[in-house]
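Undergrad: Protein chains in written order, with my numbering: chain A, 19 to 332; chain B, 19 to 332.
Be careful, since some hints might not be right.
For chains that are exact copies, the list does not tell them apart, and a pair is met inside one copy or across any two.
In silico lysine-lysine, DSSO-like type, Cα no more than 27 angstroms apart, as pairs [claimed, not checked]: (1) K101 with K256; (2) K64 with K256; (3) K64 with K194; (4) K194 with K309; (5) K64 with K214; (6) K256 with K214; (7) K101 with K278; (8) K309 with K123; (9) K64 with K101; (10) K194 with K123; (11) K101 with K309; (12) K194 with K214; (13) K297 with K64.
Everything labelled a hint here was simulated from the structure, so no lab data went into it.
Protein chains: 2
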Amino acid sequence: MRIVAAPAAMQRLARNWRRAGTPVGFVPTMGFLHEGHLSLIRRARKIVGPRGAVVVSIYVNPVQFGPHEDLSQYPRDFQGDTKLCRAAGVDVIFAPTDAEMYPGKAAGLYSTYVVEGALSRGMEGASRPTHFEGVTTIVAKLFNLVLPEVAVFGAKDFQQAAVVRRMAQDLNFPIKIEVAPTHREPDGLAMSSRNKYLVGNVRAQAVVLWRAIQKARDTVRRAEEPVLAADLKEELKKFIEHEPAARLDYVEFFEPDTLKPVSEVTSGSHMALAVFLGKTRLIDNAPLDGKEAGAKLKATRSSATPTPPAARHQ
Amino acid sequence: MRIVAAPAAMQRLARNWRRAGTPVGFVPTMGFLHEGHLSLIRRARKIVGPRGAVVVSIYVNPVQFGPHEDLSQYPRDFQGDTKLCRAAGVDVIFAPTDAEMYPGKAAGLYSTYVVEGALSRGMEGASRPTHFEGVTTIVAKLFNLVLPEVAVFGAKDFQQAAVVRRMAQDLNFPIKIEVAPTHREPDGLAMSSRNKYLVGNVRAQAVVLWRAIQKARDTVRRAEEPVLAADLKEELKKFIEHEPAARLDYVEFFEPDTLKPVSEVTSGSHMALAVFLGKTRLIDNAPLDGKEAGAKLKATRSSATPTPPAARHQ
């Protein structure tokens with residue numbers, strides 16, 4: 019496994035692969051890898067095959083963090099990440115510095131952004147106004163440096179995956195966007211590098227996001243009359259904020275393809291929510307018909323993984 | 019020579035070239051080709067060599083036109099362009115439709131734009147607020163469809179070339195941006211597809227842009243004291259608007275690398291201007307040391323071209 023820091027070196031490598039006809043699978047991450055990331059890496063490997071190249075980028079992109087967000091505290095463990103990547107058969111870790119990714123930014127010499135203006139408006143985009151602009155910009159840059167055939171994103175960041183897919187399609191990137199299911203801890207908490215922030219009894223309270231999803235599913239399953247989104251939101255807010263450390267940022271019900279909010283919630287609706295647990299902001303989402311996340315929860319529970327990274331995050 | 023309309027077909031072709039190791043040179047145009055375009059095509063051919071592929075896109079990108087601009091009247095002559103490209107040894111003309119380039123746009127299903135926020139602010143960007151956003155977006159899309167090693171732009175659109183170069187650099191496109199000198203008619207008028215709009219005695223008046231550049235050069239050359247940009251602008255405005263059909267939109271003096279306006283004009287400054295001649299808006303620019311444009315004017319005068327397209331535009 020190679021570790022590449024310089025963007026020019028990464029691009030040179032990518033161009034060599036291209037010339038050699040080697041298919042490239044790409045998993046962009048912010049590091050502090052967990053089982054969720056590893057499942058994306060496995061998916062990338064499966065797609066490009068044993069003779070393809072799998073690239074994992076590890077880069078905490080400052081441009082996607084707001085001024086009052088957790089950029090400086092974002093958890094990092096490059097050594098741990100390196101071990102996990104090596105064990106997972108990754109070919110290249112691309113880990114550039116800010117100065118290499120945004121050269122001259124402080125001096126006004128970096129000035130180009132990729133902006134998606136529809137899918138990125140609501141939910142995360144409403145709570146974090148410049149977030150998706152940062153995401154689409156860094157993803158476009160990474161696509162041009164890694165030149166992959168396929169890039170794999172996690173369904174845990176459902177809106178992000180939708181925004182990136184739209185961006186790739188709109189800008190005609192010659193890249194297939196794959197979205198792999200959310201991985202969960204045994205109690206249902208979606209795996210996230212930010213779970214590291216959850217200390218003491220806050221960790222136990224964090225399962226309320228998953229429980230809120232279950233509750234919404236139950237409500238929709240049992241309903242004999244249309245379920246009004248506004249009513250269900252209010253109910254879930256109370257339910258969530260019953261946990262002493264929890265404060266709801268948003269909960270939304272929407273069409274999964276368009277992210278368009280629905281006023282009547284059905285089993286075909288998708289639910290997403292963001293909740294503060296103390297200062298830690300967590301997100302989760304799932305289809306209300308329970309198909310994807312339920313199946314995946316079981317898979318995570320039953321599969322034995324050689325290096326369970328979840329242990330690092332507890 | 020092949021003519022390709024479908025973006026997917028263009029990208030397939032590009033990927034095949036990539037696999038075969040064929041270098042690709044790209045000249046994006048809005049069609050109605052003239053000698054200026056042909057010089058870009060020759061430059062592209064020179065760079066990729068006889069075994070490389072030269073692609074010319076012909077696409078009048080609606081997104082870079084403002085609501086009250088000349089989109090619907092923009093001159094088109096696909097048959098003439100085809101002949102010129104064939105004669106110039108172009109391998110592929112890529113000529114997509116709006117529906118293919120911006121699928122679902124009317125229904126809100128197209129939503130991604132590439133925005134350069136520094137170099138694109140002044141001059142053309144000030145007069146045409148959404149123009150460069152349209153340019154950087156279509157150029158990024160075309161880059162992803164044609165996958166060139168090198169793309170050639172004309173110095174006539176000096177600010178555009180600077181914006182595109184910055185965009186390509188910021189987003190890490192693996193593409194070299196070449197800028198080829200402005201071609202001029204024998205009287206000095208910069209070649210432009212929009213020159214077709216100049217009828218009657220307005221054509222003769224249009225040389226005032228070039229004369230204004232000469233006048234600024236003279237002023238700087240002869241000056242014994244610093245030349246204040248504000249004074250020179252005022253003088254040139256009077257000079258230009260002495261032509262009955264001419265109205266100055268802007269004239270600017272700036273550092274050629276940063277496009278930063280200067281308050282004192284020197285021989286190292288670059289000048290750009292936009293002038294309405296009746297309803298036709300023309301632009302021009304040149305370094306005030308006379309090096310690039312002067313040399314090129316001579317070259318154009320003396321070189322015999324097999325198919326002089328200027329004749330079509332008079």
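Undergrad: Against this structure, judge whether each hint is valid.
TA: Verification of the hints:
no. : hint           : in the structure
1   : K101 with K256 : neither (42 angstroms within a copy, 71 angstroms between copies)
2   : K64 with K256  : neither (43 angstroms within a copy, 69 angstroms between copies)
3   : K64 with K194  : within (14 angstroms within a copy, 34 angstroms between copies)
4   : K194 with K309 : within (23 angstroms within a copy, 47 angstroms between copies)
5   : K64 with K214  : neither (29 angstroms within a copy, 56 angstroms between copies)
6   : K256 with K214 : within (26 angstroms within a copy, 68 angstroms between copies)
7   : K101 with K278 : neither (41 angstroms within a copy, 48 angstroms between copies)
8   : K309 with K123 : neither (44 angstroms within a copy, 32 angstroms between copies)
9   : K64 with K101  : within (20 angstroms within a copy, 48 angstroms between copies)
10  : K194 with K123 : between (30 angstroms within a copy, 21 angstroms between copies)
11  : K101 with K309 : neither (33 angstroms within a copy, 57 angstroms between copies)
12  : K194 with K214 : neither (31 angstroms within a copy, 43 angstroms between copies)
13  : K297 with K64  : neither (38 angstroms within a copy, 59 angstroms between copies)
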